[in-house]
Amino acid sequence: MSSDGSSSDDSASSDGDMSSDSCSVSASDNGDYGDLAGEEEAQFNDIDGLLPDDSELGEAGTYVQLDGAESDDRRQFYGDDDHGSNSSERFSRAKKHSHKTKRDRIMAPHSPSGSSQCDDSQLPSPFINATVSEELPRETQDPNTTGEQERSISLVPADEDTAQRIRSLELRIKRDLSHPQEAYLRNRTYGTMPSHDTLPSVEEEQLCWNCFDFFLPAVLAPTPRYTALPAPSSLRVIAIHPGRDDDVLTGTLDVLDLDDPGAHYEAISYRWGCPNGQLKSMILSGRRVYINSILSAILLSLRLRTRVRILWADALCINQADHMERRQQVGMMQRIYSRASRVIIHLRGYNNHVRECFLAIKDLASAWITFQKGRNGHDGGYASSNNIYGNVMDNVKMGRIAEVFKNCYWTRLWVVQEVVSARAAVVHWNGEVISWTLVGLATTLIRNNESLWKDFTSVKMSQSSRAGLMNAYLMYRLPSPRFRSNSLSFLDLLRLTRSFKVTEPLDRIYATLGLPSRQTGHERTFISPDYRLLQQGLYTRVFYWVVNTHETPLEILSAVRHTAQSIPSFPTWIPQWHVDPIRSIGSSHHRSMKFDASKGWSSKPLLQVCWKLNERNLTLEGFIIGTITSSQEILPPSLPRSGRKRTRCMIEHKQDLITWITQQFPASEHVQSRMSLTLTAGQDWYGTIVQGQAALERHRSCFQNWTLQHLSGQELDAGSREDAKKYGRGVQTVCRGRKLFAAAGCQMGLGPETLMLGDTVCVLLGGPVPYILRSLGGNVYHFVGECYVPDYMFGEAIVEWTTPTSTSLNPHKFILK
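Counted the way our numbering counts, the sequence shown spans residues 1 to 817.
Hints should not be assumed to be uniformly reliable.
Straight-line distance between alpha carbons at most 20 Å, and here's what the computed SDA-like set of lysine to any residue pairs gives [unchecked claim]: (1) Lys-599 x Gln-655; (2) Lys-817 x Met-650; (3) Lys-654 x Ser-712; (4) Lys-604 x Leu-765; (5) Lys-604 x Asn-810; (6) Lys-813 x Pro-553; (7) Lys-817 x Lys-501; (8) Lys-501 x Val-547; (9) Lys-599 x Glu-551; (10) Lys-817 x Lys-397; (11) Lys-501 x Pro-553; (12) Lys-397 x Ile-369.
Don't read these hints as lab results, they were simulated from the structure.
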């Protein structure tokens with residue numbers, strides 16, 4: 001239910017090659033790109049890790065490119081101008097091809113060309129096969145040949161397990177594109193639909209009414225007539241009558257029951273656009289009504305020539321004026337989309353190259369599928385990604401793929417549930433159709449193959465497409481077995497989807513209720529959507545529910561961030577989910593990516609909440625481990641666009657950082673080791689916690705190379721430059737919105753940008769990480785945010801307190817206001 005559209009991206013593009021529904025960014029593709037490469041990328045460490053060998057993708061990619069840079073300025077600050085490397089990828093039992101052979105063409109199913117009015121129920125099922133061309137050396141080529149001789153190859157399965165996975169994947173693709181015949185009806189008396197012959201004549205009034213389409217206010221326009229739904233499992237569908245070209249859009253509303261196995265329909269997933277936008281007329285159940293022009297265009301594009309098509313579209317099938325019905329239907333949204341015969345992902349915006357965009361995706365996915373299905377007799381144990389994709393992908397094709405993900409559809413939160421719930425889905429755009437499975441597979445290959453990621457990030461429009469690709473990648477990965485095995489908590493879902501956009505702030509919560517987690521999903525909701533609630537009331541309910549249902553309740557404190565977007569006079573310890581996020585230090589569902597600052601505390605921690613409206617507070621216990629004495633920004637602030645001024649500001653910022661570090665911390669091996677961990681919050685460039693002597697030494701070596709190259713400006717060899725680059729990615733990932741601080745008692749740490757001198761650094765019993773509090777006097781505090789403190793991330797405070805000879809730490813009670 002994408003009811004969160006806005007008018008900001010609905011304007012038509014002046015460039016026929018670009019989608020008019022593309023996300024607007026604060027700068028051009030050649031300049032800064034704001035937050036597109038910040039949390040939108042960094043937050044997906046957890047998802048990247050869920051590409052196991054036993055997934056449907058097998059070993060799709062070994063290397064994962066993580067780039068946490070927020071802008072081009074910060075990329076230059078850390079010298080990370082190269083977006084990837086030419087590292088070879090490990091694949092299933094394959095090695096580099098000889099120079100004489102290559103995969104020249106991967107044949108993939110093509111979308112039907114021509115008018116969108118064609119009866120697409122007759123489209124053929126897809127097939128995937130391959131041809132390989134043998135390129136002769138130039139000096140030995142026959143002058144009568146074109147230089148390449150095509151030859152077909154027989155693919156020998158590498159192993160039965162891999163073959164089975166690929167067969168399953170191909171079946172998913174075929175299921176996406178096979179048309180649900182039950183949703184196409186030749187009988188024109190379906191449900192309450194009158195015969196075509198009895199429909200009122202509309203030709204004579206068409207010209208009269210069309211002139212009002214642009215000017216008729218929504219409050220005056222005739223709207224559909226609704227009757228109450230008969231049962232909690234009921235829903236309305238719209239039967240779109242067949243038509244051609246400029247025929248008037250006609251249809252009828254009918255009621256189905258989701259408990260009826262014979263109920264068949266297709267559900268549309270789309271963005272609404274501006275609620276007060278242009279209206280278009282249609283004949284609905286024999287009555288002229290006005291609907292949103294965007295929905296009207298979608299229904300026209302999906303109308304068949306010879307058959308009735310049964311569709312579900314929330315804006316039309318839910319009585320939006322009936323609060324109780326809207327609340328009830330939104331609560332069953334996951335079931336509506338999961339019961340649909342197919343979900344139609346509809347992208348808005350005109351683009352001249354949609355066919356080429358979809359073909360590029362098919363070529364990429366088909367190349368991987370074909371490679372995984374087998375190998376020719378000369379292949380062995382390893383293959384470079386260039387051998388697999390080099391002859392089906394180039395900059396032009398990668399640019400076409402980027403055009404798909406520039407569409408703002410991929411940034412809306414409601415569509416996540418709609419796509420994740422689908423048992424089969426296709427993507428429609430300007431009359432072209434592609435399997436959603438192919439699109440999702442392409443995002444996974446690009447995200448998890450460093451060579452492909454480098455190609456994607458090097459094309460011009462990738463800066464405004466990156467967030468869309470990452471979000472589509474998340475949608476594709478969420479239904480995987482690893483997620484269905486209850487590895488995610490509801491808090492994980494809120495964190496992973498926080499970069500998606502909503503117009504209604506309450507939808508930040510409501511749109512995630514149908515997603516699978518240990519606490520939510522089908523028939524497991526903790527709250528019913530109620531749009532009469534204030535944000536404060538909903539956020540309070542979420543906090544209450546999380547602390548009472550989650551294994552580590554204080555993990556929710558890591559979601560707190562205070563910015564100008566924050567609601568004033570609201571408890572500082574309750575996350576405000578509309579605030580723009582940054583990468584969390586203490587919240588992850590991966591065991592290898594979790595800290596445990598309270599390790600060793602066996603008793604249930606004190607956690608008391610007072611919910612009185614004017615006295616809301618949270619009482620906790622813990623230890624004070626330090627007091628902040630100084631702080632310094634690590635990433636440079638907003639920089640001038642002028643090249644000379646920007647360079648000068650970057651140099652000055654580097655010098656300020658070096659000076660501050662030199663003044664605050666004495667030069668020693670121990671300090672250097674702690675600093676190397678602090679700047680990346682104790683994690684490597686991939687997001688895995690650095691543990692073990694070998695890993696610590698490796699991490700410190702990367703830190704030394706980074707400081708030599710990016711702070712001191714020294715030239716390094718290729719290997720050291722790569723180490724410096726990876727370390728810089730780790731810094732970029734965690735330091736956005738944070739400061740480095742010096743503190744009496746714990747020496748150093750990394751905390752939120754709103755920290756101040758005199759703030760208290762503490763370990764709260766039950767909390768996975770340390771936190772920063774601001775004293776209001778006595779034991780009353782404001783909550784500032786989570787932080788990283790080396791040597792206090794794995795229960796060291798508990799050990800220090802329980803040591804008989806220790807007197808430095810004593811338990812404190814903290815009342816958070």
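Hint check:
1. Lys-599 x Gln-655: Distance of about 39 Å is beyond 20 Å: violated.
2. Lys-817 x Met-650: 39 Å, violated
3. Lys-654 x Ser-712: Roughly 9 Å separates the two Cα atoms, so the pair holds.
4. Lys-604 x Leu-765: 9 Å, holds
5. Lys-604 x Asn-810: With Cα atoms ~18 Å apart, Lys-604 and Asn-810 stay inside 20 Å; holds.
6. Lys-813 x Pro-553: Judged against 20 Å, a Cα distance of about 18 Å means the pair holds.
7. Lys-817 x Lys-501: 29 Å, violated
8. Lys-501 x Val-547: 26 Å, violated
9. Lys-599 x Glu-551: 14 Å, holds
10. Lys-817 x Lys-397: 54 Å, violated
11. Lys-501 x Pro-553: It is violated: about 26 Å lies between the C-alpha atoms, which goes past 20 Å.
12. Lys-397 x Ile-369: Cα-Cα ~18 Å, so holds.
In this structure, the hints that do not hold are numbers 1, 2, 7, 8, 10 and 11, in rising order.
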